[in-house]
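Novice: Letter by letter, the chains look like this.
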Amino acid sequence: MKSLRSNSWFLLRQLAVRDLESKHKGTFGGVFWLVAQPLLMLAIYTLVFGLIFQPRWKGIESIWDYALILFLGKIVYIYVLESVGRAPSVIVAHTSYAKRTQFPLELLPYMTQATAVIGVVISLAVWLFFYVLIHRGMPAAQGLLIPILYLPLCLSSLGVSFLLASLGTYFRDVGQIVQPVLFSMMFLSPVFYPIAQSPRLMQPWLKLNPMSQVIEQSRSILYFDTPVDWQWWASQMLLGGVLLGVGWLWFRRTKSGFAEVL
Amino acid sequence: MTSVIQCANLGKAFPMGKRQPAEVLKHELLGGGTKYAQTFWALRHCDLTVREGEAVGIIGQNGSGKSTLLQMIAGVYPPSEGSLQVHGKIAALLELGSGFDPEYTGRQNVFMSGAVLGLSKQEIEARFDDIAAFADIGDFINQQVRTYSSGMFVRLAFSVAIHADARILIVDEALAVGDARFAAKCMRRISKLREDGVTLLFVSHDVSAVRALCDHAMWLHGGMTREFGDVPDVTARYSEYLFADETSDGETPAQAASGGPGDTGSLVGQVHPAEGPSTEEAVHAEKDAEKLLRSGILNHWGTRLGCVTGFRIEGAKGLDRVFEYGEDLHVSVELDIPDGIDNAGLSVAFAIKDLRGADLLVCATALEDPGLFVGQSGRTIVKFRFKNLLTEGKYYFAVAVEDRSEPAIHYFEYIEGVEYFASLSSAARFGVFNVPVSVELGE
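Protein sequence lines, in the order shown, are assigned to chains A and B. Take 1 as the starting number for the first sequence in the numbering used here and just add one per residue. Take 263 as the starting number for the second sequence in the numbering used here and just add one per residue.
Quick caveat, the hints were computed from the structure, so don't treat them as lab data. Backbone N, C-alpha and C define an ideal beta-carbon position, used for all residues, glycine too. Among the hints, erroneous ones may be present.
Unchecked claim - Here are the computed lysine-lysine pairs in the DSS-like style, where the Cα-Cα straight-line distance is at most 30 Å:
no., chain 1, residue 1, chain 2, residue 2
1, A, 99, B, 383
2, A, 23, A, 99
3, B, 447, B, 351
4, A, 99, A, 207
5, B, 579, B, 645
6, B, 649, B, 579
7, B, 454, B, 351
8, A, 99, B, 351
9, A, 99, B, 645
10, B, 615, B, 645
11, B, 579, B, 615
12, B, 447, B, 383
13, B, 288, B, 383
14, B, 579, A, 25
15, B, 615, A, 23
16, B, 383, B, 351
17, B, 447, A, 99
18, A, 207, A, 58
As the list claims (entries may be wrong) - Sample of chain A residues lacking proximity to chain B, with all beta carbon distances greater than 10 Å (derived):
no., residue
19, 31
20, 33
21, 51
22, 65
23, 117
24, 130
25, 134
26, 177
27, 191
28, 206
29, 209
30, 232
31, 261
Stated by the list, open to error - DEER-style ranges, computed between Cβ atoms:
no., chain 1, residue 1, chain 2, residue 2, range
32, A, 23, B, 301, 37 to 45 Å
33, B, 427, A, 202, 41 to 49 Å
34, A, 230, B, 369, 42 to 50 Å
35, B, 427, A, 230, 44 to 52 Å
36, A, 171, B, 349, 57 to 65 Å
Please model the complete structure; the sequences and the hints are all you need to start from.
Specialist: In structure tokens, the structure reads:
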């Protein structure tokens with residue numbers, strides 16, 4: 001059986017569109033929620049962290065900027081939640097494809113990946129809108145590197161998604177474990193603080209987290225005008241490549257048993 | 263012609279009970295032989311080569327491994343042993359519309375399932391009108407699928423599947439769902455696809471559909487290939503087997519009655535009052551055909567029970583209780599002419615009835631050859647010969663020994679359901695009983 005077919009892109013697009021739609025299917029707001037949700041989240045961040053907590057972030061004065069800085073980290077976390085967090089249930093949710101038809105199951109982790117990326121794009125657009133509103137000008141041109149900064153994380157999350165999609169099909173408990181693990185990952189990545197403020201001993205470990213590179217570096221180029229640490233990026237690319245390779249091989253090897261356990 | 267499907271020693275084992283997911287995972291990861299505590303071989307030692315453009319019918323009872331074979335060919339399950347090679351795009355109509363999402367419209371689902379079947383966007387757009395026209399569900403195509411009737415659902419799903427340009431079409435009982443008109447339309451379409459060189463794998467309980475569509479037939483029994491060959495031969499023997507299975511439950515008198523002359527005298531003794539309806543009303547009531555079949559002798563009465571000592575039916579082709587349309591049949595009734603009766607009025611009659619009890623053919627010696635038994639006494643065999651002109655279906659015999667010397671017929675013995683048989687036809691014949699008709703062109 002061929003794993004890649006000539007119409008895979010079309011099929012993936014159909015799946016991703018349907019996946020996006022299904023999130024808001026039956027709601028009155030419909031696709032409006034795709035944009036409204038990041039907006040609401042940004043509002044809550046501004047309120048809670050800007051007005052109530054008022055923590056200090058070196059070099060940041062305005063509460064609006066503080067909210068936007070936190071949001072840059074939160075976008076990354078939500079991306080991981082939407083891709084890796086959904087992976088354990090993605091095959092189970094498409095049982096009929098696994099059991100009955102000749103269907104390239106590899107596409108399902110790609111599908112969650114695609115919808116998560118679309119979420120990132122929308123959130124970044126919302127972020128940009130408010131940045132422009134506050135600063136009355138575009139962020140630094142370096143900001144165009146953002147997609148490249150995301151690349152290593154995309155590889156890692158796709159690789160882990162493949163692994164978890166398979167494991168979650170065999171063991172439904174995986175889905176239950178993944179949620180708290182991801183939640184702890186949020187605190188073990190610089191979503192709410194810069195790595196420089198964490199204990200020195202922890203810093204190398206925090207830097208290993210694939211989310212950290214994107215969060216730290218996107219803030220660096222957008223707010224602090226520091227150059228991209230390409231060495232960090234490259235090491236994360238390597239990690240991402242390894243995770244993707246392992247995850248993909250694992251998935252390929254184990255997918256023939258899905259029909260039996262579903 | 264190249265072979266598009268090649269199975270060699272193909273087998274699929276399922277564990278008895280459900281395997282633990284961890285075991286399945288270990289097996290997938292580390293490979294190795296199938297080592298379950300207890301396995302059930304749904305299919306084993308299956309060899310099948312299907313060449314391009316061929317149509318193979320797969321027949322067999324429930325649980326014979328038909329679906330397992332198709333699912334392996336369609337790529338749902340990996341084989342447990344043996345090798346399987348498939349060349350060409352498959353459209354498997356295994357469970358129609360299983361990929362349909364009820365929340366979406368028919369149109370959206372056509373695009374989605376078309377994509378699953380391997381079509382590109384342009385291809386689906388190009389043939390969308392054909393798909394909608396074939397499904398013939400009108401404006402419902404733009405409605406959510408959950409508003410569909412089950413018939414509309416199947417029609418749309420089938421329509422998408424046959425427009426997917428597959429070189430191999432796998433059809434599994436799918437046609438049984440739609441109404442008769444749509445089923446006929448599907449059959450025509452499948453025949454058309456066959457003319458275009460599409461390879462067909464067709465699974466059906468309906469022997470006549472297999473005969474109409476396929477060149478070869480494979481009879482699976484208990485996970486093994488029982489027979490493979492030309493459609494008429496295999497389907498005939500399969501029908502014969504099915505028929506024997508239906509009527510021989512060990513306790514049905516029909517089998518005992520068919521045992522031949524050696525069973526003389528046993529006939530009457532075999533009639534258990536508890537079995538089968540004992541009153542005529544019960545017999546004439548329209549009853550479930552299968553129930554009727556199982557009950558063997560339906561009705562047995564008369565003033566001289568036991569005078570019919572044997573009943574036999576043989577076809578020219580020698581199959582047991584399965585006869586082809588046009589086949590010569592011999593019915594022999596063995597009787598012990600009762601002492602002290604008027605032989606001039608004696609008549610032996612038989613009738614062929616359909617499963618609802620309607621007489622389709624009645625033949626009595628008193629009409630064909632009056633006075634046949636004059637001078638006869640004791641054990642006598644009467645032979646009837648005729649051509650089987652019954653269309654496909656199941657039928658049964660009634661036999662009677664009667665006295666026709668008076669206007670009111672007196673029955674010495676009447677046995678309804680003395681023997682059962684099936685008639686097969688390779689052509690699609692309608693009606694029930696076809697008397698010979700001559701055809702010529704007039705002015």
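Novice: Against the structure, test the hints numbered earlier, and report the numbers of the ones violated in rising order.
Specialist: Violated hints (numbers, rising): 4, 9, 13, 14, 15, 31, 33 and 36; every other hint is consistent with the structure.
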